Structures are given as C-alpha cells and as structure tokens.
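Dock chain C against the given chain G, drawing on the hints supplied.
Now for the letters of each chain:
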Amino acid sequence: MQPAQAPRRQSLLELRVEIPASIYIGSGVALIAALLFVWWLVTALGFVPPLFLPAPAAVVKELFNQISDGALWLDVKASVYRIMVGWVISTLLALPVGILMGNFKFFEGLFEPFIDLFRYMPAVAFVPLTILWMGVGDSQKFSILFIGTFFQQVLMIMDNVKNVQIDLIQISYTFGLSKWEVLRYVVLRAALPGIWDTFRITLGWAWTYLVVAELVAANVGLGYRIMRAQRFLQTDTIILGIIVIGVLGLITDYAFKFSYRLFFPWVEGKRG
Amino acid sequence: MSDPKLEAKNIWKIFTPRKGEQVVAIENLSLTVNENEFVSIVGPSGCGKSTFLAMAAGLDYASSGSLTLGGSQIQGPGIDRGMVFQSYTLFPWLNVTENIRFALKKRYLSDTEQNRLVQQHIELVGLQGFEKLFPAQLSGGMRQRVAIARALVYKPDMLLMDEPFGALDAQTRMQMQELLLTVWQQHRITVLFITHDIDEAILLSDRVYVMTARPGKINAEIQIDIPRPRTAEVELSPRFAELRRELFGVLRTKI
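For the protein sequence lines, the chains are G and C, in the order given. Position 166, counted from 1, in the first sequence is what the working numbering calls 184; the numbers after and before it change by one each time, with no gaps. Position 133, counted from 1, in the second sequence is what the working numbering calls 228; the numbers after and before it change by one each time, with no gaps.
Excised from the complex, chain G in its bound form (with noise of 0.2 angstroms):
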C-alpha cells in the first residue's frame, strides 16, 4: 500500500482563502507591538529629539499626569458629548429623509442635487460661519458635526434602502400587504443591517469633525487639549491626544460590530 500523501501545505496568502485565527489576530497585534517597538527604539537611542517625538514613556507619564489631575476624564466627557449629540442629530434626520429617498424617486429627485451640493463643500470651510452665527459654544460643535455627517450618513442610508431586493417587495405585495406594510414589514426590516453599518462608519467619520470643531474655539475637550498643547510644544500631550481619539473611535467602532453579530446572526456570509 502506498504511504497516505502529506496534506498540501497551504499558503498564507492563497485569495479570500481563510487562515488560522492565531495567525489571523497575532498578525495585527504583533504589527502595533512593532510600531511601538520602532517608536520606543527611535526615540532611546536619540534619532529623534524629544521635542518632535517623545519616548513612549513619557507619553504614559503625561497619561497618568491628566488621569490624576482630571483633565483627561473632563476632556472625553466634553468631546464624548459633543459627538453623541452632533452624530445623533444627524442620524435622527438622515434616517427619515434617506429612507424616503430609497423608497420614493420623487424624495430622491427632490433632495439628491441638494445633498449633493452639500456634501462637496468641506465641514471644515463651515467654521468661521458657524463660529459667526452661534459663537463658540457647544452648538457650534454640534454644527460642525452635522454638516461633517449628515449628507454622506443620508446617501449611504438611502443606499442600504435600495439594497433591499426587489423580488423580496414583489412577493410581499402578493400577500396582500399595502405599500406602508410592505415599507415597515420589509423593506425597512431588511435595510437594518446595512444602515447599522452606515451608523458604525459615520460615527467613526463624526470624530473627525469633532476635532476640526474643537481645534478652533473650544476651552474643553480633546481637539482643544491638543491645539493648545502645540502652542507650548508639550509634542507628548499631542501624541497622547491623538492616541485617545484613536482608542475611543476603536471602542465605538467595536462596539457597533459586536451587536451588530448580536442584532442580525441571520445575515448571509459575514465573517464571525
């Protein structure tokens, strides 16, 4: 009898063909534990000045310095605020107008040239206006937020409306259901998943904004924690600042994706 063949090895990098999950998640863990290790050898043997790039130590230092003091958990509250506020705004109007726009050409007709307009002009252009018309208040923040989210948020959002199959409307109209049932039973029901994704992506776009609203007139939060650590060259508050946005946008971004398995299980050939 002939010896049983060895199994192919397969390769790693074989297309859309699934690895080993160790490898899968060891990867990425191991590429950041790489940057850190580059960041921490670059600044220990002195390439770099410490005045444009800190060691990582003193990046924590300064951590556990605005933990203590309180200014890190004050900063998050305002910034985390602002964004909940802003984001929310905008999707409270987006959903209704995007799924009128899915649904009915007429919506679409009347709002795309509008929204389209719109979403070419820079959030960013809008913040001396925004500053002029409500001052440098909190809704000036929220503003920014909602120009910087709303009219992309409303055309993803009419996308997933459109998404939803058309044989899948068709045969609901055969059991008799009206066009408003076949809308709240069907369509919408069928849109979530796609919409709960739409929200994960804009709330990651909507930290952008936060910052570009706080850099310029804000006496809070972690945009205005970072302008005014450039004008003292304190480059560590700057490098901790930016690693907490990082950090706070990975846990919105998480936590949308886990209930997101949690909400829809049913959805066909989604990893996980």
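Honestly, the hints are just simulated from the structure, not real lab data. Some hints could be false.
Claimed, not checked - Mimicking SDA-like on lysine to any residue, the simulated pairs with C-alpha atoms at most 20 angstroms apart in a straight line are:
no., chain 1, residue 1, chain 2, residue 2
1, C, 200, G, 203
2, C, 227, G, 285
3, G, 95, G, 157
4, C, 200, G, 187
What you are looking at is a predicted structure, and each value in this text was computed from that prediction instead of being measured.
Same frame as chain G, now just chain C:
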C-alpha cells in the same frame, strides 16, 4: 371543460425607451388557464414569459389587452394569487416557520389556526425538523420548498411560478419537480408555470404554451395527454419522447 380561471385576451406589451425604437415585448398574446389546471409557458429567455407572469401577479401591466382572473380584471397584486420566484425570496431574518406564517398576516386567523396551517404546510413540503432554521442555513432546494409552502399556506385561488427550479442543480430540480407533482396531485389548484425547460413543462403540465422571442408571442399550444398520477418515470415513456420532439420542433424553427 370548466370556465377559464385566468383569461388573457390580446395582450400587448410595448416598451418605449427614451431613445431608439419601440420594443414589442409581447405581441397579441391570448391564453386561458382553467380551474385546477396546470399550464406551463415554455420559451427561451427574453421571450416575455416572465413579463406575462408578472402581469398575472399584478406586478406589471399590459400596454393593451384584457387579463381577467375569475371573470374580473386584474388590478394589482392580491392575496388570491400565490407566487414563487426563481430567486430566493425568503425573508432572511425569519426562520422557516416564521417565513411561512408571514404570508398569513392578511388572513386574520386565530393563533391556533395559523399554527395548524403552518404545520400542515411544513409537512406538505417535507420540511419537518427544519422549522427553526434561517434561510442562510438552508440549501437552494430547501429554500424553494419554504417558498412553495408560503405561497400555498394562505389558500390562494391560483399559483404563479416563475422558473422556480431554474437556479437549482439537476438532481435537486428533479426532486423538486416530483415534490410539486405530489403536492399538486394531492391539493388541486390552478397553476401557471413558467420555464425554459421543455422536459419540466411536459412532466408537470396538463397543457403547454410555447412562446418564441422577438417579438414574444405564443406559437403553439400542446395538450399533454400523459395520464396522472405521474412521477419522473414518465420521462422514459415513448409518449413523452413524442411530445418532447413536437415542442422542440416548434422552438427550433422559430429561433
């Protein structure tokens, strides 16, 4: 012969594109489907057979002509007709039981009555043991079983099927054809069945209309006189071969 259940008289469907000439999708189509009769329309893709079925379902409309169900004009989709598409049209967020039950929404029955009907139809299509699975967990054949059960559960007067087995592999398709034969022989219902598969049309139908393309029109009407009850075995009979040759002849001369 009983009165026609579905009657189409001089149906035309003409598309007028923004640019270019008018396209005649369906030319002067007339046909009838009698009460409890199984009728197929067989033809190549693009001959307008699916468009006609969509009209019967009330999901599309004719440019001219008359289309009646039980004597009254078809105005739109309704609970008096059940439909099965080629694409899988199950609601992905509902399991097998919930998918079938969804079709009863507008029948306003008691919970016990709904449960009884759903259970009865799960058994009818042989889905016992799969009740709690979601569409993503089912094979193509299983999904179409659910779709058939869902189209029958609310007791429509007529079943409209648009190439329901077209996306299935040959073996599953044969199983599904036999299943449909059994179901239909047990529970007679008026069926209009669309297919491009000549064998499928002969096996299942009492009568077959042959449509050809450009413009889409009916070229022949053939009575299938193979006795019932039938099984897939009849495909081996000499009469089946004759009918097959006849249908094939009509289709070939016109393409």
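Okay, the hints, checked on the actual structure:
Distance restraint check for residue 200(C) and residue 203(G): the Cα-Cα separation of roughly 11 angstroms lies within the 20 angstroms cut-off, and the hinted pair is therefore satisfied. Restraint check for residue 227(C) and residue 285(G): satisfied, since their Cα atoms lie roughly 15 angstroms apart, inside the 20 angstroms limit. With a CA separation close to 16 angstroms, the supplied pair residue 95(G) and residue 157(G) stays within the 20 angstroms bound. With a C-alpha separation of about 15 angstroms, the suggested pair residue 200(C) and residue 187(G) falls inside the 20 angstroms cut-off, and the hint holds.
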